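Using the sequences and the hints given, assemble the complete structure.
Count the first sequence with the working numbering and you get residues 1 to 569, in order.
Source of the hints: derived by calculation from the structure; they are not laboratory data.
The structure presented is a predicted model; accordingly, all values stated were derived computationally and were not measured.
For each residue, glycine too, the CB sits at the ideal point set by N, CA and C.
Among these hints, one or two may not hold up.
Derived DSS-like pairs: lysine-lysine, alpha-carbon spacing no greater than 25 Å straight-line [stated by the list, open to error]:
(1) Lys261 with Lys367
(2) Lys367 with Lys350
(3) Lys34 with Lys91
(4) Lys251 with Lys350
(5) Lys272 with Lys251
(6) Lys553 with Lys480
(7) Lys255 with Lys325
(8) Lys138 with Lys81
(9) Lys262 with Lys325
(10) Lys288 with Lys350
(11) Lys91 with Lys307
(12) Lys138 with Lys262
(13) Lys255 with Lys138
(14) Lys516 with Lys486
(15) Lys367 with Lys272
(16) Lys261 with Lys251
(17) Lys138 with Lys24
(18) Lys480 with Lys516
(19) Lys34 with Lys516
(20) Lys288 with Lys272
Derived Cβ-Cβ restraints for the label pairs, each shown as a range [as the list claims (entries may be wrong)]:
(21) Gly101 with Val143: 23 to 31 Å
(22) Glu428 with Gln377: 47 to 55 Å
(23) Gly84 with Glu543: 50 to 58 Å
(24) Gly512 with Ser70: 55 to 63 Å
(25) Arg99 with Glu320: 41 to 49 Å
(26) Ser70 with Leu2: 29 to 37 Å
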Amino acid sequence: MLLSRMFLPTLKESPSDAEVISQKLMIRGGMIRKVAAGIYNTLPLGLRVINKVENIVRSEMNRAGAQEISMPFVLPAELWKESGRWDEYGKELLRIQDRHGREFCLGPTHEEIVTDLVRREVRSYRELPINLYQIQPKFRDEVRPRFGLMRGREFIMKDAYSFHANDESADIEYRNMFDTYSRIFERCGLAFKAVEAETGQIGGRFSHEFHVLADTGEDAIASCGSCSYAANVERAEVRADAASPIAEAVKKLEKVNTPGKKSVDEVSGFLKIKPAQLIKTLIYETDKGVVAVLLRGDHELNEPKLKRALDASFAALADETTVRKATGAPSGFAGPVNLKAPVYADYAVKAMAEAVTGANEADAHLKNVYPSRDFPQAVYCDLRVAAAGDGCPRCNGTLTITRGIEVGHVFKLGTKYSEAMGATFLDEGGSERPMIMGCYGIGIGRTAAAAIEQNHDEAGMIWPLPLAPFDCEVVPVNVKDLDLAKAASEIYASLNSMDIETLLDDRDERAGVKFKDADLIGIPVRVTVGERNLKNGMVEIKERKNGSVRLVKKEEAVSEVKQLLGRSR
RNA sequence: CGGGGCGUAGCGCAGCCUGGUAGCGCACCUGCUUUGGGAGCAGGGUGUCGGAGGUUCGAAUCCUCUCGCCCCGACCA
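Printed below as a string of structure tokens:
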């Protein structure tokens, strides 16, 4: 490709609304342009990267035995009503009407559609298992789209759905997809980690997320330093610390005045104690009734853990009225002592001593609280968001927190959709059973963006070779110097003839401009053809990732590039 | 959804408070010089000041409505 002919509008400055580095660099590097909030044009350079990701995904999915299909982007409401998600999914589901007033939505995910497809065609266990996938745009009307391709409203996703006659088969496929995903991200040349995850809106029984590791990631991952345990902090369990002793209750319970001091910060500041000395009491309304939830002041509640502990399907912080009814006090002064509502406490609360908590009356807290003495009715469980230093739930190790970008997710769905939508088959015994399902997604654009978040420097992007839009860029320092131009074109032509995807910067620009652009778009290998070196029959080869430079004979440039790229084509 | 901010040339911004010729840098176009890290000189403005309405002799500027974009928050007691 000749750069002079390429639609590659690079910018010196990044637009003021760009926030994260991948977004800034993709815009500056002429890969994407914003059309509306969370909606982007993909330009030639960007599309080359997207295609590379897609092709790796496609080849590994095919190798794993999945079959590519294509489902529509505009989906009829009836199927969503059948699964119950028309009402459940909320505002992220962009609903539209056709000219007859029939309801449709833009597809945010395709469980309903694929389940409908398969239930119509598959009758017998003999036709199972089957794994169908597609690579196409999705639309989720995010509350706050941001970060460019990292969290767009419209985005390209690879989504796969598998159907099985029994659990063992579904488990085998889950493992198969897990391994396939590992291969995919390995082939992309990215540092990643597979972690246990929440299932969220897709539903299902258990799941793993694949995270590209990057400090700028939106997700926090807890992983153990001693064993292989790793989980999204939304999910990460915390070991019950059996070792910490239960302190003996020595001091007398004491009521103190805390006028208007509600929050942990306010109360701890007012009483001059550490937040960790406080027991915070959250009043929750759930489908199992109103409960009090206790956490150490410096810890945070993990709502999914609370739901699991209560076996509740709904849990939300109670409103002011409910709080008053449950505690007899305005919110901010709730405490577990003599509380009628059931009390669920995080493990960490058990070992606290001389703690402070709300007195269940306005403007008052209790001092010298001992859990075992003062609220023996509490049920202890794992309720808090895992933090660095917490105990690993699988071994004696300690959890550390790193950041990641979720680029893939594998779910074991079970029969959630097949039961709701009647996707059944006849087993060997002739009885009708719902299919067991799994689903497996990869964010294509997000993977590309994550690659930048993980690999960049001040000058621009640094593409890992498998995702790089081009393998090599040839830069004649001055195209008006015909000798340079000719030498550069020759090298360019022979690289291309060897199937090395090469870009020739044949623009009549000064060297500095070309170098800046080359660094910005981050092609792995650059061949610079300059007057000084060419006089001696030499050209310069530079690697983007480490800046290493070597001079080679003009005639050896091609083989040198080939060797650097580690290819023998 | 709540709060805040912004919308002026392709991009980044000033001008607005205190109404009176629409500006700066980069980019872009022409010419000359220059050619190994975002060149210099000279010339060129490419604009519905987001939109609509209002106040006024006169509105980018003041008022009302509206659209778009961005940020923070969305139950941390």
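At the C-beta level, are serine 70 and leucine 2 separated by a distance inside 29 to 37 Å? 34 Å, holds
Restraint check for lysine 288 with lysine 350, where alpha carbons must lie at most 25 Å apart: Holds. Lysine 288 to lysine 350 sits at ~23 Å (cutoff 25 Å).
Would you check the hint for lysine 138 and lysine 262, treating anything up to 25 Å between C-alpha atoms as holding? 43 Å, violated
Cβ distance range 55 to 63 Å for glycine 512 and serine 70, holds or violated: 46 Å, violated
Is the gap between the beta carbons of glycine 101 and valine 143 within 23 to 31 Å? 27 Å, holds
Outcome for the supplied range 41 to 49 Å, where the beta carbon pair is arginine 99 and glutamate 320: 47 Å, holds
Given the hint that lysine 255 pairs with lysine 325, does the C-alpha gap stay at or below 25 Å? 21 Å, holds
Hinted pair lysine 34 and lysine 91, Cα distance within 25 Å: 22 Å, holds
Between the alpha carbons of lysine 272 and lysine 251, is the straight-line distance 25 Å or under? Holds: lysine 272 and lysine 251 sit about 18 Å apart, inside 25 Å.
Take a quick look at whether lysine 262 and lysine 325 sit within 25 Å of each other, Cα to Cα. Distance of about 18 Å is within 25 Å: holds.
For lysine 261 and lysine 251, compute the direct alpha-carbon distance and say whether it is at most 25 Å. 23 Å, holds
Pair hint lysine 367 and lysine 272, alpha-carbon separation not exceeding 25 Å: Given pair lysine 367, lysine 272 holds - Cα atoms ~12 Å apart, limit 25 Å.
Hints 12, 13, 20 and 24 from the list above are not met by this structure, while the remaining hints are.
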